[in-house]
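Number of protein chains: 6
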Amino acid sequence: MELSHFDDMGNAHMVDVSEKEVTKRSAVATGIIEMQRETLQVILDKKISKGDVLTVAQTAGISAVKRTWELIPLCHIVMIRNVEITFDTCSGEESENKGIIKVTCTIRGEDKTGFEMEALTGVSVTLLTIYDMCKAIDRGMEIKNIRLEYKDGGKSGRFTRGK
Amino acid sequence: MELSHFDDMGNAHMVDVSEKEVTKRSAVATGIIEMQRETLQVILDKKISKGDVLTVAQTAGISAVKRTWELIPLCHIVMIRNVEITFDTCSGEESENKGIIKVTCTIRGEDKTGFEMEALTGVSVTLLTIYDMCKAIDRGMEIKNIRLEYKDGGKSGRFTRGK
Amino acid sequence: MELSHFDDMGNAHMVDVSEKEVTKRSAVATGIIEMQRETLQVILDKKISKGDVLTVAQTAGISAVKRTWELIPLCHIVMIRNVEITFDTCSGEESENKGIIKVTCTIRGEDKTGFEMEALTGVSVTLLTIYDMCKAIDRGMEIKNIRLEYKDGGKSGRFTRGK
Amino acid sequence: MELSHFDDMGNAHMVDVSEKEVTKRSAVATGIIEMQRETLQVILDKKISKGDVLTVAQTAGISAVKRTWELIPLCHIVMIRNVEITFDTCSGEESENKGIIKVTCTIRGEDKTGFEMEALTGVSVTLLTIYDMCKAIDRGMEIKNIRLEYKDGGKSGRFTRGK
Amino acid sequence: MELSHFDDMGNAHMVDVSEKEVTKRSAVATGIIEMQRETLQVILDKKISKGDVLTVAQTAGISAVKRTWELIPLCHIVMIRNVEITFDTCSGEESENKGIIKVTCTIRGEDKTGFEMEALTGVSVTLLTIYDMCKAIDRGMEIKNIRLEYKDGGKSGRFTRGK
Amino acid sequence: MELSHFDDMGNAHMVDVSEKEVTKRSAVATGIIEMQRETLQVILDKKISKGDVLTVAQTAGISAVKRTWELIPLCHIVMIRNVEITFDTCSGEESENKGIIKVTCTIRGEDKTGFEMEALTGVSVTLLTIYDMCKAIDRGMEIKNIRLEYKDGGKSGRFTRGK
Chain Z
1 MELSHFDDMG
11 NAHMVDVSEK
21 EVTKRSAVAT
31 GIIEMQRETL
41 QVILDKKISK
51 GDVLTVAQTA
61 GISAVKRTWE
71 LIPLCHIVMI
81 RNVEITFDTC
91 SGEESENKGI
101 IKVTCTIRGE
111 DKTGFEMEAL
121 TGVSVTLLTI
131 YDMCKAIDRG
141 MEIKNIRLEY
151 KDGGKSGRFT
161 RGK
Chain C
1 MELSHFDDMG
11 NAHMVDVSEK
21 EVTKRSAVAT
31 GIIEMQRETL
41 QVILDKKISK
51 GDVLTVAQTA
61 GISAVKRTWE
71 LIPLCHIVMI
81 RNVEITFDTC
91 SGEESENKGI
101 IKVTCTIRGE
111 DKTGFEMEAL
121 TGVSVTLLTI
131 YDMCKAIDRG
141 MEIKNIRLEY
151 KDGGKSGRFT
161 RGK
Chain G
1 MELSHFDDMG
11 NAHMVDVSEK
21 EVTKRSAVAT
31 GIIEMQRETL
41 QVILDKKISK
51 GDVLTVAQTA
61 GISAVKRTWE
71 LIPLCHIVMI
81 RNVEITFDTC
91 SGEESENKGI
101 IKVTCTIRGE
111 DKTGFEMEAL
121 TGVSVTLLTI
131 YDMCKAIDRG
141 MEIKNIRLEY
151 KDGGKSGRFT
161 RGK
Chain V
1 MELSHFDDMG
11 NAHMVDVSEK
21 EVTKRSAVAT
31 GIIEMQRETL
41 QVILDKKISK
51 GDVLTVAQTA
61 GISAVKRTWE
71 LIPLCHIVMI
81 RNVEITFDTC
91 SGEESENKGI
101 IKVTCTIRGE
111 DKTGFEMEAL
121 TGVSVTLLTI
131 YDMCKAIDRG
141 MEIKNIRLEY
151 KDGGKSGRFT
161 RGK
Chain H
1 MELSHFDDMG
11 NAHMVDVSEK
21 EVTKRSAVAT
31 GIIEMQRETL
41 QVILDKKISK
51 GDVLTVAQTA
61 GISAVKRTWE
71 LIPLCHIVMI
81 RNVEITFDTC
91 SGEESENKGI
101 IKVTCTIRGE
111 DKTGFEMEAL
121 TGVSVTLLTI
131 YDMCKAIDRG
141 MEIKNIRLEY
151 KDGGKSGRFT
161 RGK
Chain L
1 MELSHFDDMG
11 NAHMVDVSEK
21 EVTKRSAVAT
31 GIIEMQRETL
41 QVILDKKISK
51 GDVLTVAQTA
61 GISAVKRTWE
71 LIPLCHIVMI
81 RNVEITFDTC
91 SGEESENKGI
101 IKVTCTIRGE
111 DKTGFEMEAL
121 TGVSVTLLTI
131 YDMCKAIDRG
141 MEIKNIRLEY
151 KDGGKSGRFT
161 RGK
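Residue numbers (this note's numbering), protein chains in the order written: chain Z, 1 to 163; chain C, 1 to 163; chain G, 1 to 163; chain V, 1 to 163; chain H, 1 to 163; chain L, 1 to 163.
The hints are simulated quantities; they were obtained by calculation from the structure and are not laboratory data.
A couple of the hints might just be wrong.
[What the hints assert, rightly or not] So the derived list for chain Z, only partly shown, Cβ under 10 Å to chain H, looks like this: (1) V15; (2) V17; (3) S18; (4) E19; (5) T55; (6) R67; (7) I77; (8) M79; (9) R81; (10) V83; (11) T86; (12) R108; (13) E110; (14) I137; (15) R158.
[What the hints assert, rightly or not] Below 27 Å or equal to it, Euclidean Cα-Cα: the simulated DSSO-like pairs (lysine-lysine) are: (16) K50(G) <-> K24(H); (17) K98(G) <-> K50(G); (18) K163(V) <-> K98(L); (19) K50(Z) <-> K46(G); (20) K155(C) <-> K46(Z); (21) K46(V) <-> K155(H); (22) K102(C) <-> K50(Z); (23) K112(Z) <-> K155(H); (24) K47(Z) <-> K98(G); (25) K102(C) <-> K47(C).
What you are looking at is a predicted structure, and each value in this text was computed from that prediction instead of being measured.
Note that the Cβ used here is the ideal one computed from N, Cα and C, for glycine as well.
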């Protein structure tokens with residue numbers, strides 16, 4: 001029985017990083033969720049009936065970082081040593097009278113491959129959890145501007161957004 | 001031993017939907033990823049070394065929809081009967097010479113609670129997977145405008161964005 | 001080729017509930033964690049460096065309830081409609097000068113089988129998360145008295161502990 | 001901004017079963033693992049150092065059945081009410097002096113879609129676990145003949161292999 | 001657009017262990033489940049209809065150890081090299097005519113952070129699985145005294161309970 | 001309270017690899033699925049309604065490799081650095097007029113224990129996904145000959161099937 005080589009499909013594969021060095025690496029991603037000013041106020045006053053929105057969202061984001069390789073098919077399991085998720089908020093003129101929560105997710109560790117996807121996944125799930133907890137009062141919220149701000153370590157070196 | 005009631009913490013809880021009716025429900029969410037025009041061309045030509053980007057991203061998005069309740073702490077496990085994830089692309093003047101992929105995720109099923117979070121999670125993970133597969137050539141890509149476009153079914157009825 | 005029937009091993013199986021009725025069901029479980037009085041005070045003052053212990057623990061407990069069938073091999077996937085996890089605390093004479101947090105997990109829904117394991121799993125993981133967040137200051141904490149307090153619904157009817 | 005419809009990729013989607021009826025369904029799959037006669041004897045004598053092979057394999061198989069939708073991208077989450085995994089063994093002339101363990105996985109429940117994949121996944125993971133526990137003494141074992149034997153329920157009706 | 005720093009929420013984070021050394025580590029935890037003497041006898045006689053209780057519980061416990069980081073939000077993924085779960089039983093006068101199963105979970109490996117939570121999680125899920133398999137005959141069972149007995153390795157050094 | 005040592009159960013445990021060296025390791029497994037010639041043609045023509053079968057199957061297989069330790073109870077979490085899943089097809093005389101897809105899964109990385117189970121799990125889930133996507137047109141497909149072809153690294157050295 002001879003098998004013809006099959007060659008014309010997508011060829012998805014997990015990139016070979018065997019020969020790369022284990023180095024210290026870090027990555028920072030951010031994203032925002034835009035909502036009614038009143039919605040932001042209810043979050044900050046901890047009056048959302050589902051609970052303390054930001055702590056629950058942070059817990060969900062940290063848990064999701066660890067599951068990035070389960071969600072993104074071609075990601076490696078990596079050794080993460082630190083996850084920080086922080087919030088900034090804004091609801092004045094500079095945000096056109098919208099309420100805005102900005103999420104920053106910072107990952108540190110050492111591995112043969114970087115943590116960009118872990119940082120971006122942490123931001124995304126944190127934002128989705130905020131949406132979930134507030135959707136009963138503001139279904140029109142919008143998640144925006146999820147992007148890598150910074151990464152360091154590995155052969156491709158440092159990346160700083162906008163530089 | 002008498003226990004004082006503890007009352008001043010966040011009180012996160014999964015909302016009680018016991019008394020709601022099982023009804024047909026649907027939800028549609030969208031989001032975009034913005035990239036260099038050249039990056040989009042490489043995707044459309046299926047020349048990304050990690051594989052056929054859109055099929056892998058679609059597979060990841062569908063898988064993530066089913067795991068929404070694992071990612072978002074206060075979501076219920078729901079009975080999803082259909083998931084569709086589709087793509088539109090654009091790279092002309094109307095997108096300021098950026099390459100844009102728009103992801104639409106549609107969920108149908110019947111349950112006591114809606115599928116908004118499932119649709120939004122499907123869009124998010126599809127977009128993250130596109131980012132992952134293309135980041136070696138375009139680290140500055142940005143995920144934007146993740147939002148609920150439509151949902152139907154349940155006591156709160158129909159929602160159409162912008163109406 | 002004739003195969004002899006193999007019959008002398010453990011025969012683990014997921015019990016057949018096909019013929020049972022879908023009925024409304026509920027379950028309540030409790031458990032405690034015993035610690036130094038000072039540890040409890042630090043939790044209540046929200047001064048644990050890892051974050052707001054009780055909200056994180058509650059989030060973890062609710063998430064774990066949904067994953068009971070992943071952890072306990074012979075449990076069914078069930079339709080849970082409501083999860084509540086609450087805390088009571090005590091640190092006076094009646095607890096022999098120990099600090100005590102009591103966790104109560106209540107599950108409601110409808111299915112062909114009950115939610116006892118979901119309630120007990122929710123209590124266990126909530127308590128483990130409290131341990132995790134405080135272990136840097138009090139490694140001798142002890143988890144105790146995890147038990148079913150009440151369950152209702154299904155053919156076996158109501159159970160109330162101690163009755 | 002006008003988006004051209006994108007249409008020439010794989011179009012993976014979870015089939016829409018919204019309009020189908022919830023009916024009683026069942027599925028039976030089988031598969032075998034072929035090994036040295038001596039390996040089978042060590043299993044039956046419960047002398048494998050990793051533990052009681054068949055009970056561990058059965059536990060793994062039942063757990064995997066519940067996770068089929070996590071493994072197979074386009075499978076639905078379904079309501080399984082019963083899982084049975086049983087073993088037959090053979091090591092005489094009729095198996096050409098090989099040791100053979102045959103695994104049968106039976107699923108029952110009710111849903112809008114069938115349990116074929118659940119039965120096949122249960123068989124596969126049970127067989128893989130047997131391989132794992134015995135590979136230290138017999139790396140040449142082979143998994144064979146994983147197939148659907150029977151399924152019933154749903155619009156396509158009954159299927160019996162070989163009929 | 002200026003964003004005010006947001007600072008007054010729980011600040012949950014995964015502790016930074018980047019600068020710690022990878023060292024050999026171990027942890028031992030124990031816990032018990034208390035039941036009717038008759039229940040214990042049925043387990044030891046392997047007459048529980050759901051299967052061989054202790055082997056299934058052990059399998060569940062080992063699997064849960066590996067998923068500790070999924071259950072406990074702020075735990076790191078760690079490199080576990082060995083898991084042992086053992087049982088001791090007792091049903092005489094010294095246990096006041098109750099049946100008691102004591103579970104001991106021992107973890108070994110090397111990492112930048114310890115395995116206390118993995119050992120405690122292994123004990124908890126092993127005990128919950130015993131409860132699940134026996135609850136049809138003894139709903140009043142109680143899980144007790146889950147605690148860390150020993151841990152070694154890392155900067156904080158050795159801990160032995162009661163010393 | 002004295003506890004008699006309990007000793008007569010299965011004693012499943014995750015083998016202790018603490019003292020082994022971290023070495024480069026690789027493993028290759030293969031398996032086939034046998035189907036009607038017409039079914040294979042429909043796959044190759046990308047006319048299966050569920051989508052591009054081979055890319056979806058490959059994505060599922062790669063994802064499953066990373067979850068091997070979740071599926072196989074006594075497997076360790078290992079550091080995988082590369083996963084390749086490739087296809088060969090055949091439908092001529094040499095396969096007795098059946099359509100055959102052969103799946104090869106190759107794993108590379110470095111760890112204290114090998115990747116045999118990861119390669120075998122990758123093959124199995126890839127094959128199951130092909131079955132799932134085509135079962136509507138060919139329920140009689142059969143999965144066959146899943147076996148380890150090669151492994152290298154570690155104390156037991158190189159294994160090549162048939163040598």
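Failing hints, ascending?
Hints 1, 2, 3, 4, 14, 15, 21, 22, 24 are the ones this structure does not satisfy, whereas the remaining hints hold.
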